[in-house]
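Peer 1: Going down the list, the sequences are from chains A, B and C.
For reference, each letter of the first sequence is one residue, going 41 to 371 in our numbering.
For reference, each letter of the second sequence is one residue, going 858 to 1203 in our numbering.
For reference, each letter of the third sequence is one residue, going 189 to 471 in our numbering.
If you are wondering where the hints come from, they were derived from the structure by calculation, not from laboratory data.
By construction, the Cβ of each residue, glycine as well, lies at the ideal position given by its N, Cα and C atoms.
Accuracy of the hints is not assured; some may be wrong.
[Unchecked claim] Some chain B residues near chain A, calculated using beta-carbon distances under 10 Å: (1) Arg934; (2) Tyr943; (3) Lys960; (4) Ala961; (5) Gln962; (6) Lys963; (7) Val1190.
[Stated by the list, open to error] A few chain C residues that don't get close to chain A, going by computed Cβ distances all over 10 Å: (8) Gln228; (9) Pro239; (10) Pro246; (11) Thr247; (12) Leu248; (13) Ala268; (14) Leu273; (15) Thr331; (16) Val393; (17) Thr413; (18) Glu414; (19) Val432.
[To be verified] Calculated lysine to any residue pairs in the SDA-like style (CA-CA distance at most 20 Å, straight line): (20) B:Lys953 - A:Ile286; (21) C:Lys379 - A:Ala89; (22) A:Lys264 - B:Thr1104; (23) B:Lys1185 - B:Lys1068; (24) A:Lys172 - C:Met259; (25) A:Lys172 - C:Leu197; (26) A:Lys173 - C:Ala200; (27) A:Lys264 - B:Thr913; (28) A:Lys264 - B:His948; (29) B:Lys963 - A:Glu283; (30) A:Lys173 - B:Leu911; (31) B:Lys989 - A:Lys221; (32) B:Lys963 - A:Gly276; (33) A:Lys173 - C:Arg203; (34) B:Lys989 - A:Pro267; (35) A:Lys173 - B:Thr913; (36) A:Lys221 - C:Asn238; (37) A:Lys172 - B:Leu911; (38) B:Lys960 - A:Trp278; (39) B:Lys871 - A:Arg175; (40) A:Lys221 - C:Arg203.
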Amino acid sequence: MAIEPVDDAQSQAEKAPPLAPDISDKVKRPKWGKVKSAGAAQSPLLGAAMFAPAVLYLLAILGGPFILAVIYAFSDIRIGSTEMHWVGLENFRSILQSPSFRTSIENSFIFTFCSQVIVIIGSTILAVALEKKFRGRGIFRFLILLPWVAPISLGAIGWKWILDSLYSVINWVLVAVHLFKPYEAPMWLGEPHLAMASVILVQSWRLLPFATVIMLAGLTAIPKEIPEAAAIDGAGFWRTLFEINIPMMLPIINVAVLFGIIFTFTDMTVVYILTAGGPFDSTQVLPSYAYFTGILGSDLAAGAAVSLFLVPLLVIIAWLMLRTAHRAEVV
Amino acid sequence: MAVVQTRNLTKVFKQGEIGAVNDVNLETREGEFLVFLGPSGSGKTTLLRMIAGLETPTAGEILIGGRVVNDLAPRERRIAMVFQSYALYPHLSVYKNIAFPLKAQKVPKDAHKVKVEWAASLLGIRDLLQRKPRELSGGERQRVALARAIVREPSVFLLDEPLSNLDAKLRASAREELERFHRRINTTTIYVTHDQIEAMAMGDRIVVLHKGYVRQIGAPTEVYDDPADTFVATFLGSPPMNLIPDTDVIVGFRPEHFRVASAVTDTDKIPLKFQVENVEYLGAEWILSGALVGGRFNGKKAVSRLLFGQEFEIGKTYDFAVPERRLKFFDPVTEKKTAARKLAWQ
Amino acid sequence: MSKERQSRLWPALLRLAVLSIFTILLAFPFYWMVITTFKQNSDLYDLQSNPFIFNAKPTLDHLRFLFGQTMYLRWLGNTALVGLLVVTITLVLAIPAAYSLTRLTGRWGQRLGIIIFLTYLIPPTLLFIPLSKVVADLGLQDTIWSLVVVYPSFTVPFSIWLLMGFFKSIPRELEDAAMVDGLTRFGAFVKMVVPISISGILTVVIFTFTLVTQEFVYALTFISTEPHQMVGVGIPIFLIRGDVYYWGSLMAACLIASLPIAFLYNLFLDRFIAGFTVGAVKG
Chain A
41 MAIEPVDDAQ SQAEKAPPLA PDISDKVKRP KWGKVKSAGA AQSPLLGAAM FAPAVLYLLA
101 ILGGPFILAV IYAFSDIRIG STEMHWVGLE NFRSILQSPS FRTSIENSFI FTFCSQVIVI
161 IGSTILAVAL EKKFRGRGIF RFLILLPWVA PISLGAIGWK WILDSLYSVI NWVLVAVHLF
221 KPYEAPMWLG EPHLAMASVI LVQSWRLLPF ATVIMLAGLT AIPKEIPEAA AIDGAGFWRT
281 LFEINIPMML PIINVAVLFG IIFTFTDMTV VYILTAGGPF DSTQVLPSYA YFTGILGSDL
341 AAGAAVSLFL VPLLVIIAWL MLRTAHRAEV V
Chain B
858 MAVVQTRNLT KVFKQGEIGA VNDVNLETRE GEFLVFLGPS GSGKTTLLRM IAGLETPTAG
918 EILIGGRVVN DLAPRERRIA MVFQSYALYP HLSVYKNIAF PLKAQKVPKD AHKVKVEWAA
978 SLLGIRDLLQ RKPRELSGGE RQRVALARAI VREPSVFLLD EPLSNLDAKL RASAREELER
1038 FHRRINTTTI YVTHDQIEAM AMGDRIVVLH KGYVRQIGAP TEVYDDPADT FVATFLGSPP
1098 MNLIPDTDVI VGFRPEHFRV ASAVTDTDKI PLKFQVENVE YLGAEWILSG ALVGGRFNGK
1158 KAVSRLLFGQ EFEIGKTYDF AVPERRLKFF DPVTEKKTAA RKLAWQ
Chain C
189 MSKERQSRLW PALLRLAVLS IFTILLAFPF YWMVITTFKQ NSDLYDLQSN PFIFNAKPTL
249 DHLRFLFGQT MYLRWLGNTA LVGLLVVTIT LVLAIPAAYS LTRLTGRWGQ RLGIIIFLTY
309 LIPPTLLFIP LSKVVADLGL QDTIWSLVVV YPSFTVPFSI WLLMGFFKSI PRELEDAAMV
369 DGLTRFGAFV KMVVPISISG ILTVVIFTFT LVTQEFVYAL TFISTEPHQM VGVGIPIFLI
429 RGDVYYWGSL MAACLIASLP IAFLYNLFLD RFIAGFTVGA VKG
């Protein structure tokens, strides 16, 4: 009675923790031994048929417009144009000369870098605090998740009220404890540096829950015996955290950072709602500048050209992400 | 080198439920290889973890080297532990893995190299120092784990089923290496396993645990030849001891002592007729299972273990016997061993 | 107190302090929304009064205004409808695709899956300008159909990635056994794999719906009139009349649109994390 060797991917799948309820006892098994996995004989035709709709759709909705964006950037198209002419590098020349554009690139980097630093440090601290079970952990988790779950535009409006020039509750508290005189309280959204700080703060506020969830996943994936071995080896809390836990979480920290960079660099919602780019372009970022130029300014070509500057960054991040995903397997 | 003692050690995980470890009293001897043996759920790992300081006892005391260590963190107990998965730090090289305890204990950096190389040569892994754990085989990982444990020169070694993750083929040679290792360093070692063969082969003494209670502590010969209760009697030895219930006693004898009557040379032997129901050939021996025929034990199941069994046929009855001195007696209620007695056999 | 218990108290207190600070920072805006919703205007806009307490009686005026005098309900309806349609389209596209990439296409299928996942990183702020022209040319300008057509472009990649994680954790043997019993590959997929994956599919439904409610740029760009707008864009654009902010109603609107989603999300978070880590670790 020959027994067929078991396909390797099959046994790999068996080692992964099943998310689906185990119904293997309800399924009949052939009595003469394990069946050579039919998966080894791929069904490429059926497979292609099953993913074709999704891939074709994505090619159409993502690929088409992307090519169009490039074409527009080299044309003179406006909202309501019936025809389009080639203008070469004219759009790029004029936006590169525009001080608003240069400011918005600068701001984009500041905005992204500062918020990511805050988010990474904050989410690591939170993840460590939330790791062990304790009474009430569920409530904390729910409250901590709120900024991510609520539509960001609505959360931003909430902050706009909290940071209002006249009625800010923060200012009320600052005045009440006599740190500021009533009419000298900070103009959170009206003063250039403060506005940038506010926008960074709100973006960090919004991303912190998501990053925490990812960090927590990375932290709980560490086999429990490793920190125990470290404890026996003599490591205290801080050494274990910085020399063992965090290094082991590095692949997933990478993933969180890369996600965060993309979501922040390409986001316009927070800026649009809180400051609309102001005061005086001090919070203008690339995507919001593209919107104001292309849609509100009707100059689709210039808007497209501005937004194309996002592409180099996206490509770099995508490449970094591919390399990390490969390494994240080896934990 | 130190002696580990526990006094009335108890661990209850959930209020109101039976403890994982109940009232355990034991004391190691200097330099001995002590084995905690028991099935899963017997409390052996919990007991080890309490000694390590990874679990807090509910009641009782743990002493290492004469000091009560209940309130001491693991790193203050001068112990080393090897986990079932070895728990090597995957992002550190073998060298850094072994050096980690030195770093954590703030040993000056210039001393690291010497000590790491000493530990590595002791285990024959000097050429692996720059590798990462994921590049090593199971046996090599065990050696790295041992090197990391010994580099701190601990007074007690704790090992939690380190052989269970190895291939069956590898297990025998890894076991031999562990035994050699212990003979060389001569540190008090506590070893947890569910495998009774490992326990018998490696242990100087065995602590047999069941459902959180200690059933017997003794050298392999003691627990095998003179089991304290029916659990120890059936847990050690494969196939397990035959236990035949009688009116007010349980009679026990091991399959290897239950042979063809003509082959039993003892003068005092108990004759038993045995009907064979199944014959298994294992290569080095034969296992015959069946039932006793006639007399007070008619119909009771028994197993025999022989070197030569090819002439036995299923369905036939043969004259077997057990030497009287090999009989064990247990109380049916307490399951503990009781005094020998004479029984009428026919 | 024994030294051991002492050393366990400190970390616990520290943890509580850290958690409380973060929780207050993160949840405060929502608490503030609640307070503002029920405060009378005279109380809200009085600089002297303590903002943390109700100096005048709580009122339902803002809620009445929101539901009676604005198109809020209409926006909620639009959002729900778009959500439903987009979820359906996403499931139809993503479930077969994820299965096929996991089971039927071998190594190049895995690679294709990673590429599809990467398309999730293509931001709306890159494509919205050309898409706005396409939408206008197709006559879909200012209709919810523009969103229904475009939204799957980010919900589908995300869902495929999540579902691949779930499918990978189902043992192949189940389908093999079904095929030995006489089902075709596709039949095994429909009758065996899909029913087992219901919890994974539900997770995808919730997260897709959340992605729809959160979207801002496309809705802002494609939809121009009030009756057709979604709730995430309608509130900031149309509830601010001129320079006057009706903060009471604004906060009420934000609160009501945020909380139900929060509850649903929380229920499914564990499944999402499980799917995320399986997906992330396996690349």
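Peer 1: None of the hints should be skipped; say for each whether it holds.
Peer 2: Here's how the hints hold up against the structure:
no. : hint                  : in the structure
1   : Arg934                : holds, 8 Å
2   : Tyr943                : holds, 8 Å
3   : Lys960                : holds, 8 Å
4   : Ala961                : holds, 4 Å
5   : Gln962                : holds, 4 Å
6   : Lys963                : holds, 8 Å
7   : Val1190               : violated, 39 Å
8   : Gln228                : holds, 14 Å
9   : Pro239                : violated, 5 Å
10  : Pro246                : holds, 17 Å
11  : Thr247                : holds, 17 Å
12  : Leu248                : holds, 19 Å
13  : Ala268                : holds, 13 Å
14  : Leu273                : holds, 14 Å
15  : Thr331                : holds, 17 Å
16  : Val393                : holds, 15 Å
17  : Thr413                : holds, 16 Å
18  : Glu414                : holds, 16 Å
19  : Val432                : holds, 13 Å
20  : B:Lys953 - A:Ile286   : holds, 16 Å
21  : C:Lys379 - A:Ala89    : holds, 18 Å
22  : A:Lys264 - B:Thr1104  : violated, 51 Å
23  : B:Lys1185 - B:Lys1068 : violated, 23 Å
24  : A:Lys172 - C:Met259   : violated, 46 Å
25  : A:Lys172 - C:Leu197   : holds, 14 Å
26  : A:Lys173 - C:Ala200   : holds, 11 Å
27  : A:Lys264 - B:Thr913   : holds, 17 Å
28  : A:Lys264 - B:His948   : holds, 16 Å
29  : B:Lys963 - A:Glu283   : holds, 14 Å
30  : A:Lys173 - B:Leu911   : holds, 17 Å
31  : B:Lys989 - A:Lys221   : violated, 61 Å
32  : B:Lys963 - A:Gly276   : holds, 12 Å
33  : A:Lys173 - C:Arg203   : holds, 12 Å
34  : B:Lys989 - A:Pro267   : holds, 18 Å
35  : A:Lys173 - B:Thr913   : holds, 17 Å
36  : A:Lys221 - C:Asn238   : holds, 16 Å
37  : A:Lys172 - B:Leu911   : holds, 15 Å
38  : B:Lys960 - A:Trp278   : holds, 13 Å
39  : B:Lys871 - A:Arg175   : holds, 16 Å
40  : A:Lys221 - C:Arg203   : violated, 35 Å
Violation of the numbered hints given earlier is confined to hints 7, 9, 22, 23, 24, 31, 40; the remaining hints are satisfied by the structure.
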